[in-house]
Structures are given as structure tokens and as C-alpha cells.
Amino acid sequence: MKGYRRMAGLGLLLVLALAIGIGVYRGKRHRESRTLDIILIQKAIDETNDFWSSIHEGAKMAAREYGVNLTVWGPGSEREVEEAHALIEEAIAQKPDAIALAPISYEETLAYARRIEEAGIPLIVVDSVMAEPVGRCVVATDNVEGGYKMGTYMRQFVDENTVIGIVGHVQGSSTAREREQGFRQGLGEDQEKIVDVVFCESSFALAREVTRKMLEEHPEINMIAGLNEYSSVGAAEAVRDLGLEDRIHMVGFDSSKQEIQLLEAGIFDAIVIQRAFNMGYLSIEKAVWAARGEELPEYEDAGTVLITKENIYTEENQKLLFPF
Amino acid sequence: MERGKSRGRLFGGFRSVRSSMICSFAGLIMFALLIFLVVSLNYTQDTVLDNSVDYTSQLIGQVNEDIDSYISYMENISMIVSINSDVNNFLFAEDAPEGAGEEGLRLPSGSGSVDDVGRQRLAEQVAVMFRTLMDTRQDITNIGIFLGNERYVLNRGWERVNPYVDVTQLSWYQEALQAEGGAVISTSHVQNVVYDSYDWVVTLSRRIRGLDKSDPDSVFFVDLNYNSINSLCEKLHLGDKGYVFILDKQGGLIYHPRQQLLYSGLKTERISEVMACREESFLTEDQYLYTISRSDYTGWTVVGVAYVPELLEHADEAKNIYVLMAGILLLVALFLAAILSDQITRPIKTLEGSMKEVERGDFAHAIIRETQDNEIGRLSGSFNRMTEQIQNLMEETRKVQQAKRESELKVLQSQINPHFLYNTLDSIIWMAEWGKNKEVVVMTSSLAKLLRQSISNDQELVQISQEVAYTESYLTIQKMRYRDKLEYEILVKKEIRELAVIKLILQPLVENAIYHGIKYKKGKGLIRILGYREAGCIYLKVQDDGVGMDAETMSHIYEKHVQDTRSNGVGLRNVQERIALYYGPEYGLSYESVPGVGTTATIRLPDRGEEQRNI
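Chains U and Z, in that order, are what the protein sequence lines are.
Converting from the first sequence to our numbering requires adding 12 to each position, the first position being numbered 1.
Converting from the second sequence to our numbering requires adding 246 to each position, the first position being numbered 1.
Source of the hints: derived by calculation from the structure; they are not laboratory data.
Heads up, some of the hints might be wrong.
If the Cβ cut is set under 10 Å, some of the chain Z residues that face chain U in the computed set are [to be verified]: (1) Leu-416; (2) Ser-417; (3) Thr-433; (4) Asn-438; (5) Asp-442; (6) Tyr-444; (7) Asp-445; (8) Asp-486; (9) Lys-487; (10) Gly-498; (11) Leu-499; (12) Arg-504; (13) Gln-505; (14) Gln-506; (15) Leu-507; (16) Ser-510.
Listed below are the simulated DSSO-like cross-link pairs for lysine-lysine, each with C-alpha atoms no more than 30 Å apart in a straight line [claimed, not checked]: (17) Lys-72/U - Lys-107/U; (18) Lys-645/Z - Lys-602/Z; (19) Lys-770/Z - Lys-740/Z; (20) Lys-725/Z - Lys-684/Z; (21) Lys-321/U - Lys-495/Z; (22) Lys-513/Z - Lys-487/Z; (23) Lys-725/Z - Lys-770/Z; (24) Lys-739/Z - Lys-787/Z; (25) Lys-269/U - Lys-481/Z; (26) Lys-107/U - Lys-487/Z; (27) Lys-731/Z - Lys-682/Z; (28) Lys-321/U - Lys-513/Z; (29) Lys-770/Z - Lys-739/Z; (30) Lys-72/U - Lys-487/Z; (31) Lys-72/U - Lys-513/Z; (32) Lys-740/Z - Lys-787/Z; (33) Lys-767/Z - Lys-682/Z; (34) Lys-321/U - Lys-225/U; (35) Lys-739/Z - Lys-695/Z; (36) Lys-205/U - Lys-321/U; (37) Lys-695/Z - Lys-767/Z; (38) Lys-269/U - Lys-513/Z; (39) Lys-768/Z - Lys-725/Z; (40) Lys-72/U - Lys-481/Z.
None of the values given here were measured: they were computed from a predicted structure.
Quick reminder that beta carbons are idealized off the backbone N, C-alpha and C, glycines included.
Sequences and hints are given; from them, build the entire structure.
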């Protein structure tokens, strides 16, 4: 009898060992395959906006690649600040593994970004920075670099008669400041030829308006730089409407169908575009790294590309300009 | 030494054969199962890889076929369009002089002249044809014919050409001209020829030749919506990390889900490896399985990429089942091993138990049943025979020993010590010389009684009264010899007088009391003989008030006087042995003694009542 009991004990031990083995194996696999939850809050979710659509696409690609569960939120337009901040609070309540945030406001969003960090959720700042440094990593376009590309390209058209005007988007915004700074650096000493800087509050109509006013005040202007899509397109349309396209050299920033048509029409000499897809991809990649507790760079440049009429349809650029 | 050696052996550490057997079985079974597992797991892995190559090949082969059918359809359209007379007339008919009449459309042969209105009508008819084609096939994005920048029909007829584009500079236009009438398939690109539309397409273009060789350059093109290729590739599911991409003849990307990442250098793709690969598939060192399908028709390469660990996830399920099965098998096998080894070792265990019995000397339960006709069965048989033999031998030895002892005792009983006889006779002579006739008579009759009793030794048992009488005869003689030294009393209860006891047990005690107790005492000594029954036993006691014994003397009491010349020859040891032999070891002789006070010898015998009387 004693022997049987020992046998039963041995059998039980084996079963137990087997069960524990399988359990551990399963558990390990479970841990490995646990999908991270990441929330991306864009400044806007707008099907017609190529920039945010591309960021969305890039983010989705990264999510697929890293096998994370990605949720993308954003207000209908970049002007809905309250809505964007409500979304941040909702995101914190969901306790995701990381949040990638494109701050809608330089000043006001800072408090909400802080709240994300206070909740212990890794924060990746996307596209633009806030009044104070916050977050584990900033994934954005190097705007100074982009502006610099505009300046160095446009310098070839500069002669002693050149007079330059700048149409910015929002006065005091970091992107406008940095792009202008880069543009000036690219022009070098020719930046003295800049006579006026106006702002359009990211509105096409206002951009046309301020450009027209600027040209009335400084009719000698023969070179204009736009600092984002609204200011670039608005300025170019104003120039075209005034019939001055042959006299005025123009350079724009960001990409849209209108900008491409204006570039094809020769109104723009060049435009500088951001790699929005890369920005979306990189922000989710960095969010994954942050959630896994890996080392992160403080700053990640998504990159910019200068497009002229000649290189619109090269293999690389057409993918950037025409994300399907 | 033996033990130490055996411990070194495999499974020698176990204390039973059964455990060793079970462990050996378990070891063997585990070994076999392990080999089975390793082989089947590897086999599964290989099979899964092979299967996924086959599966992926089928899928991407299907993609290639679908693309081929798109392209061949477009090529068919291009053939139909290029020989269409309306198209030819629209493109190549010479301008009719003004006012050639309304019959300008009716042309005598392939080439003729047509006025503006006529050409407008032709354009309208071509547009109708295009419209029909575009309406029936959603995957056609654009379709059109161009004669340089001079005239064109585009899509449904109302789309305009992008005013900033020089059609003749477009690559699909130039390549079509170079191809001399063959169809040219572009890579994926943005079609910018239509005003205000920038669609991703794959363009098929073909030069249209009029009947006259001198006709100017003219090109037909049709755009395949890139989304139809896109969705072909996207709907293929090759796991979460798997994807499909397409390369053109030169290795340029037609479709890749990470095209943007590739261009910006964030990702790389093994394009040169794919282009160089002549096999159906290859496996990269980071566990990606590339499966390749080339189309002879388009020259495109469709590549399916799968992540091997994902493929093996299904294999993992099979693995789990294998491991589980192995576990269950192991348990069942162990259970069977336990039962089997139990059955095999049970006879051995029985044998072992029975051997222990024999070791203890119990032969009655030692015989075991011979259940099996095998080595162990035969061993049991031999054991049984051996046990029987030993039992017989032992029985025989015991009988011989007993017979020997008995005969010895008889010899001892029958003897009256010659010294005693001589001393007594000497005393008689002295008494006779002194004229003490009365004393001579008493002594002589007592000696005669002694002699008679020792001669009649055919009976082993005597009545207690006889034994007492015998002892009294002895005491009488001794009392007369040690005249002033010895007194005696006999106080034996009447109810036990007729009980039988083995003879010659009382006299040696009295002899002992005289020679060791009374003899060394100054003055007179008293010997008292008591007899009574108490608590189921008969007690016979010989008390003396002699010098007594110390513990040292007591411990040697049974060894002394066996050959004592003055004793009657029957030693105490003899008495003790005979009582034990006859009545059992729990009965016998015991001594109590206090030096200077006296000694009491007690014989303890069983009281069997009437039964004892009859013997």
C-alpha cells in the first residue's frame, strides 16, 4: 500500500510539474504578446488635411509594425482648443501605455501635458513644442532646418534689387518663429532685404488680404516666403490675382494640392515640405520605446524636403506629395 | 563492502527491486518520449515552413495573375483603340480645306480629310467609347489619346489637360514612342496629365500608327487605378508582421506598404536580394521568409514576406498538443509500469516475507504457494523444499538432543554418590561397634529406602509424598551423621501430597542447604521443607537458617557441585533444567538469601489439579 501511495505522489508531482511548466510557458508568451495601448492626439483629424492624414497613416504603419493597439483622437480643426484638452483628459482616464500628443496650444496645453506625466503615462510630444520642455521625447520637424532650406534656395534669385516679404501664420508660434529664423539664416547677409513680416492667423482669406496689403505698402517687394500651407497658398493666390507672378519669386512651406498646382504653374519656385508620414511613424515608434522603458533621444527630427517643379514626380517625392 | 559496491550501480540507491524497476521503466519511457517529441516538433516546424511557402506562393501567384489580367485587359483596350477608325481619323485625317461640305466625315479610305466640325464629332465619338470603357471598369482611372500637344481626347471628353504639362515630355509618352507599337507598362506613379487630378496609377501606353507610315507621333494611354493593386496586396494577410510588395522589371518599387519609410531611409528592403534570387523563397537571418513570384507577362515581381515566429504560432498549438500527449502517455506508462513491476515483484516480496519467518524460526507459516511457472515460481518451490528439509533436520536434532539429555539425566538420577554411600556405611559400622543397634536399624533402613527409590527409576514422575519421603530418608541419615548440628521440619500440605512431580528435585536442594548453609554454621541448624499451592502454582520450599549467601555466590549457584564428591550427584543445574524441560521455561528454581540469616530455595511448579494426580 505504501508503494502505491508513493507512486501516486510521484504521479501527482509529475502532473504538477507539467502544469507549472505549461503555465509558465503560457505566462511568458502572454507577457511577450501583451499589446501596448497607445493614444495619439493630433491637433486635428481632418480628411482634407494632407499633413494630419499623413501623420495618421504613418502612425498606423508603426502601430502595425510594432503590434500595438493605436487609438487616434483629435478635434475637427486646429482651432478647437477646448475639445483637444478634453480629449487629453479622456486619454489619461483610459490609462494607456503611452500618449503621443501634438499640443494644440503653446501655452495652454502645457498644464494638460503635465497631467499626463503626473499620471505616470509616458508622453511623446509630436509636431510642436510647448512653452516649457515636457515629455520623454519630441518628434517634430526641424523648422529652422526647413526655413534654412527655403533661404539657401531662394538666395540664387537675390540681386541688388531684391526686396523680400514674409507671410507667417501665427505670430509668436514656435513654428513661425523657427521657420523665419531658418529662412533668415539661409539668406545669410541678404536677410537685410527683408522689409516686412505679416501674419495670417492660419487662414487662406486673411493670407490673401495681408499679402495684398503688404504689396500695397511695399510695391517693390519681388520675393515672398510663406511659412505654412495657409500663408503660402494665400500669398501665392494674391500674387496670381494681382498678375505679379512673373515679377515675384515665391517659396512656400508645407504641401497641398493647391500648392503643387501653384508650383507646377511656376508661381512658387520651390516649396519645403515636412515628412508627415515619418513624423507619425516616429512618434508611435518612440511611444512604444517609452512604454517599454527603453532609452529615448530627447529630440527626433522627422525631416524636410525641398521640392521644385523639376523634382515633383521623382519616385521618392511623389510619395511624399501625394499620399494616397 | 558489498553494500558500498551496489550503491554505485545504476538505481542501486533504491531499497526495493520494484522502485528500481519503476524508475528504469520511467527512464526508458521518458527517453523514448523525448526523442519522439524532438523529432515530431522539428518535423512540424519544417512542415509549417514548407506549407507557408506553398501557401504564400499561391497567394502572391494569385496577385500576379490578377495583375496580369488587369494589364492584359488594358492591353486589349489599347489594341481595340489603336485600330479604331474613329480614333485614327481623329488623329491622322488631314485638315479639310474650309467649306469641304458636310460630307467631310465620310472618308473614301483610311486617310482623308476632315474639317473642324467633323473632327469635333470624331472626338465626341471617341469620348463616348472611352466613357463606356470607364463606366464598365471602375479600375480605369484615365484613358486618352494624344497627338503630341496638338490634339487629344481625354477620359469622358470633358476633362482638360494640365496646362502646365508638356505631354511629349512625360515618360510614358516617350517610352511608348520608343517601343515602336508595343505596349509599355509604367511603374506606379502620380498621373499629372489631367488638370486638377493627381491620381496614383499604373500607366499602359502604346504608340498609334496610322495607315500611312509618315503619320506623326501619337500615343494612347490607359491608367490602372493604383488602388486596385494596393487593395490586392493589402487584402493578403500574411500575419501581423507580414506584407506584400511588388517590384518592376528594374527592381523599382511599384508597391510597398512602407514606401515612405524606405525612401526616407528609416527602413530598408532586400530588393537586390530579391532581384538576385532565383529560388522560390529565401529565409533571412532575422527570421523573415521571402516568397517570390515573377510574372513573365509584366516582368513584375510580387514578393510575400512572412515573419517566421508568427507562422510557427500555429505550430506552437501542435507543439502544445504533442507535449500534453507526451505528458499523458508518460503518466499512463508510469501507472502501468507500477502495476507491472508490482506483479513481477510480488512473488519476490512474498518470498522475502517468508524468509523472514524462517529467520525468526517460524516454519509453520513459511511455506508459500507456487503461483507462477517461471524462475520466481521455481525459486519459491526450491525455497519450500529447503524450508521443509531444514525443518525436518531441526526436528531431528531437537529429538536427538532431548533423548541425549534424558538419558544423561537418567544416568545421573540412578547414581547414588559412592562417597555418600561410603560415609553412611562408615557411620553404620561405627554405630554397630558402639552397640547402638537402634540407630543402626534406623540408618540402614533409611539407606535402604534411598537405594530402593533410586533403583526404581523407570518412572519419571512420583507423588510429592514419595519425593518428600525420599528426602526425609536422606535427612534422617544426615541428621544421624551430624548429630548435634541438624534439625529438620517437614510442613507439606496434605492436599498436594498426592500430586505428581518429576522426581529427585527436592533432595538436591536439601543437600545444598546442608553443605552450604548448615555445615558452616556454629551451633544447630534447622532445615524446613514447605509445600503448598498458591495462585495456580505448587510451591516447594527448602529453608535453612545457615550462613546464607552473598550475591556473588548466588550467581554461581547452578554451576557448582555437579561433580561434587560429597553430593548425591544431582546438581541444582540439573534440577532446574529438568523442571524447565518438563514444565516449560516459566517454571523452575529460585533462591533468596540473606547472609547470616539463611537461604530459601523455591521450586515453582504448575498446578494442574486432578490431572496431575493420576500420573
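The hints, checked one at a time:
For Leu-416/Z, the interface hint holds, since its Cβ comes within 10 Å of a Cβ in chain U; the closest pair sits about 9 Å apart. Evaluation of the Ser-417/Z hint against chain U yields a held restraint, the C-beta minimum of about 9 Å falling below 10 Å. The interface hint given for Thr-433/Z is met, as the beta carbon of that residue sits about 8 Å from the closest beta carbon of chain U, less than 10 Å. Look at Asn-438/Z: its Cβ gets to within about 7 Å of chain U, closer than 10 Å, so that hint holds up.
For Asp-442/Z, the suggested interface contact is upheld, since its CB lies about 7 Å from the closest CB of chain U, less than 10 Å. Below 10 Å, beta-carbon pairs count as interface contacts, and Tyr-444/Z has one with chain U at about 5 Å; its hint therefore holds. The interface hint given for Asp-445/Z holds, since its Cβ lies 8 Å from the closest Cβ of chain U, which is under the 10 Å cut-off. Nearest Cβ of chain U to the Cβ of Asp-486/Z: about 5 Å, under the 10 Å cut. The hint holds.
Interface hint status for Lys-487/Z: upheld, as the beta-carbon distance to the closest one in chain U is roughly 7 Å, under 10 Å. Because the beta carbon of Gly-498/Z sits about 7 Å from the nearest beta carbon in chain U, less than 10 Å, this interface hint is met. Taking 10 Å as the C-beta contact cut-off toward chain U, the hint placing Leu-499/Z at the interface holds, the least distance being around 7 Å. About 6 Å separates the beta-carbon of Arg-504/Z from the nearest beta-carbon of chain U, less than 10 Å, and the hint is met.
Hint status for Gln-505/Z: holds, given a least beta-carbon distance of 5 Å to chain U, under 10 Å. This hint holds: Gln-506/Z has a C-beta 4 Å from the nearest C-beta of chain U, less than the 10 Å allowed. The restraint placing Leu-507/Z at the interface with chain U holds, with a minimum CB-CB distance near 6 Å, inside the 10 Å limit. A least Cβ separation of about 5 Å between Ser-510/Z and chain U falls short of the 10 Å threshold, and the interface hint therefore holds.
About 20 Å separates the Cα atoms of Lys-72/U and Lys-107/U, which keeps this hinted pair within 30 Å; it holds. Pair hint Lys-645/Z plus Lys-602/Z holds up; C-alpha atoms about 25 Å apart against a cutoff of 30 Å. Proximity of Lys-770/Z to Lys-740/Z is assessed by CA-CA distance (about 28 Å); at most 30 Å being required, the pair is judged to hold. At most 30 Å may separate the alpha-carbon atoms for a hinted pair to count; Lys-725/Z and Lys-684/Z meet this at roughly 15 Å.
Among the hinted pairs, Lys-321/U with Lys-495/Z is consistent with the structure: their alpha-carbon atoms are about 28 Å apart, no more than 30 Å. Annotation: proposed proximity of Lys-513/Z to Lys-487/Z holds, straight-line Cα distance about 14 Å (limit 30 Å). For the suggested pair Lys-725/Z and Lys-770/Z, the alpha carbons sit about 11 Å apart, so the restraint of at most 30 Å is met. Taking the CA atoms of Lys-739/Z and Lys-787/Z, the gap is about 12 Å. The hint holds against a cut of 30 Å.
The straight-line distance between the Cα atoms of Lys-269/U and Lys-481/Z is roughly 29 Å, inside the 30 Å bound, and the hint therefore holds. A C-alpha spacing of about 26 Å is found between Lys-107/U and Lys-487/Z, which places the hinted pair at or below 30 Å, so the restraint holds. A distance of roughly 19 Å separates the Cα atoms of Lys-731/Z and Lys-682/Z; the hinted pair therefore holds under the 30 Å criterion. Distance check on the hinted pair: Lys-321/U and Lys-513/Z sit about 27 Å apart at the alpha-carbon level, within 30 Å; holds.
Taking the CA atoms of Lys-770/Z and Lys-739/Z, the gap is near 26 Å; set against the 30 Å cutoff, the hint holds. For the given pair, Lys-72/U sits about 13 Å from Lys-487/Z by alpha-carbon distance, which is consistent with the 30 Å threshold. This hinted pair checks out: Lys-72/U and Lys-513/Z have alpha carbons roughly 16 Å apart, not beyond 30 Å. Only pairs whose Cα atoms come within 30 Å are accepted, and Lys-740/Z paired with Lys-787/Z is accepted, the gap being roughly 15 Å.
This hinted pair checks out: Lys-767/Z and Lys-682/Z have alpha carbons roughly 28 Å apart, not beyond 30 Å. About 28 Å separates the Cα atoms of Lys-321/U and Lys-225/U, which keeps this hinted pair within 30 Å; it holds. Distance hint between Lys-739/Z and Lys-695/Z is fulfilled; the C-alpha atoms sit about 23 Å from each other, no more than 30 Å. For the suggested pair Lys-205/U and Lys-321/U, the alpha carbons sit about 25 Å apart, so the restraint of at most 30 Å is met.
Using a Cα cut-off of 30 Å, the hinted pair Lys-695/Z and Lys-767/Z holds, with the two alpha carbons roughly 29 Å apart. A C-alpha spacing of about 27 Å is found between Lys-269/U and Lys-513/Z, which places the hinted pair at or below 30 Å, so the restraint holds. For the hint linking Lys-768/Z to Lys-725/Z, the alpha-carbon distance of about 16 Å falls within 30 Å, and the restraint holds. Taking the CA atoms of Lys-72/U and Lys-481/Z, the gap is about 16 Å. The hint holds against a cut of 30 Å.
In summary, the structure agrees with every hint in the numbered list given earlier.
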